[in-house]
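K.L.:
Here are the chains, one letter per residue:
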Amino acid sequence: MIKVSIDMDKCQHYGQCCFEAPDVFALDADGKITYVAEVADDRRDDVESAADVCPMQAIEIS
Amino acid sequence: MAGVVIIGAGLGGLRVAETLRASGYAGEVTIVGDEIHLPYNRPPLSKEALAGGVEVADLEFRRKAHVDDVTWKLGSPAVTSNLKEGTVTLADGTVLHFDALAVAAGIRPRRLPIPGPQAGRVVLRTADDAQELRAALVPGAKVLIMGAGFIGCEVAATARKVGCEVSIVALDAEPMIRPLGAELGAGMRRRHEANGVNFYLGRTITSFNGTDHVESATLDDGTVLACDIVVEAVGSMANVEWLDGNGLDLGDGLSVDDAMIVEGTSNVVAVGDIARHHNALFSGPKRRIEHWNMPTETGKRAGQTLAALLAGEEVSRAPFSAMPSFWSDQYSHKIQSFGMPGNATRIEIVSGSPDEACIAEYFDQSGLVGVIGIDKTSELAPYRKLLMERG
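Taken in sequence, the protein lines are chains A and B.
If you use my numbering, the first sequence corresponds to residues 1 to 62, in order.
If you use my numbering, the second sequence corresponds to residues 63 to 453, in order.
Some hints here could point you the wrong way.
[As the list claims (entries may be wrong)] Calculated Cβ distances over 12 Å to all of chain B for the following chain A residues:
1. Tyr35
2. Val36
3. Asp52
[Said to hold, decoys possible] Selected chain A positions facing chain B (in silico; Cβ < 7 Å):
4. Tyr14
5. Leu27
6. Pro55
7. Ala58
These aren't lab readings, by the way, just hints derived from the structure by calculation.
Since this is a predicted model, take the numbers as computed values, not measurements.
Yeah, the Cβ is synthetic: ideal placement off N, Cα and C, and Gly gets one too.
One chain only, chain A, in its complex shape (with noise of 0.2 Å):
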């Protein structure tokens, strides 16, 4: 399993990683974004992907 967290400190709900992993990360109906926490191992490259275009890089991956 890949851990998936987001630095809410810097996040800014700009929404990027939505495009990227639309299963992993998505904005509420107030803007704010949302996300799961565990993700099967074969879907790393569309989070990595997420992470890469965060604009606040708030996005981590272990």
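With chain A held as given, fit chain B onto it using these hints.
P.N.:
Frame of chain A, contents of chain B only:
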């Protein structure tokens, strides 16, 4: 052993290196940076890092394990090159040989030749620039910003937050008029004015006054504005002078093909702010796009190109296609854009009004080319899909 030399240790250079490794290239990779810092994220420089509490180490990009073996040559820019011989010479005299070259040298702020003292005139591009400016942003300081683009406006918002007195002088009729357009630009101007920023629009600065340090600026209508610090945010220039003498057209960055290969070369790619490219999603001439997401988009493509080239495989010539996107935070407001709103010939506000949360659609002859929202992030997402379908 020559390998790949990457000139530029910013986001674009990093993405080229990552993609080379991810694509199986195992040869030497050398990344040259003019700054002493490892690749770091620049957007916070006009915001969090300027207000204090964020250091450059906090802004460094996560470096993936597979780029642990790249060689970093930091603090010494490229000064000359000989593409036929495959060499680049750095300011410290080092000569680097390459099999393939990636140009990720980025841009630098344009300086205007305005008479008067130089001390107290700063620009904002690097972490060191931010540190210098931050020291001057103290409560009550008179800050004069030249230019009403995104950097100028973000610095204005940050300086007001810190408690400085802020004036913006710009030739444009409204802030961020390209790409926002006049109506949204005016809406953002009123937000800035409500936060205490003074605008001098349609004006230029004819001289700076003071003995050793800037004390005031004289505008073209005779207005004199007292200032303790001047932030020059009037556009940018591509860092391409070191490529002079190779027969390349250096007039507006570097023209590249869909594989990011520089026109007139076979083993040189360019990425990021300086790469002038076509985009399958939008018609028209090749363009440089100075948006944060483009170094990643162009860098990944260029890395794939070089990996194929160096493996003796066929380079993909598939049309390059990427969605330009930008964001800006000013006070509590969020501006977000998809597409190419700057190309529009007609703008329609479809939700809200310029003084509140709103969405504007941007059209050219071909139809919808862009969308900009102010404080409308979640409602903007469907537009990205719509614009992607243009391709």
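K.L.:
Hints first: check each against the structure and report whether it holds.
P.N.:
Okay, the hints, checked on the actual structure:
no.: 1; hint: Tyr35; result: 15 Å, holds
no.: 2; hint: Val36; result: 18 Å, holds
no.: 3; hint: Asp52; result: 6 Å, violated
no.: 4; hint: Tyr14; result: 5 Å, holds
no.: 5; hint: Leu27; result: 5 Å, holds
no.: 6; hint: Pro55; result: 6 Å, holds
no.: 7; hint: Ala58; result: 10 Å, violated
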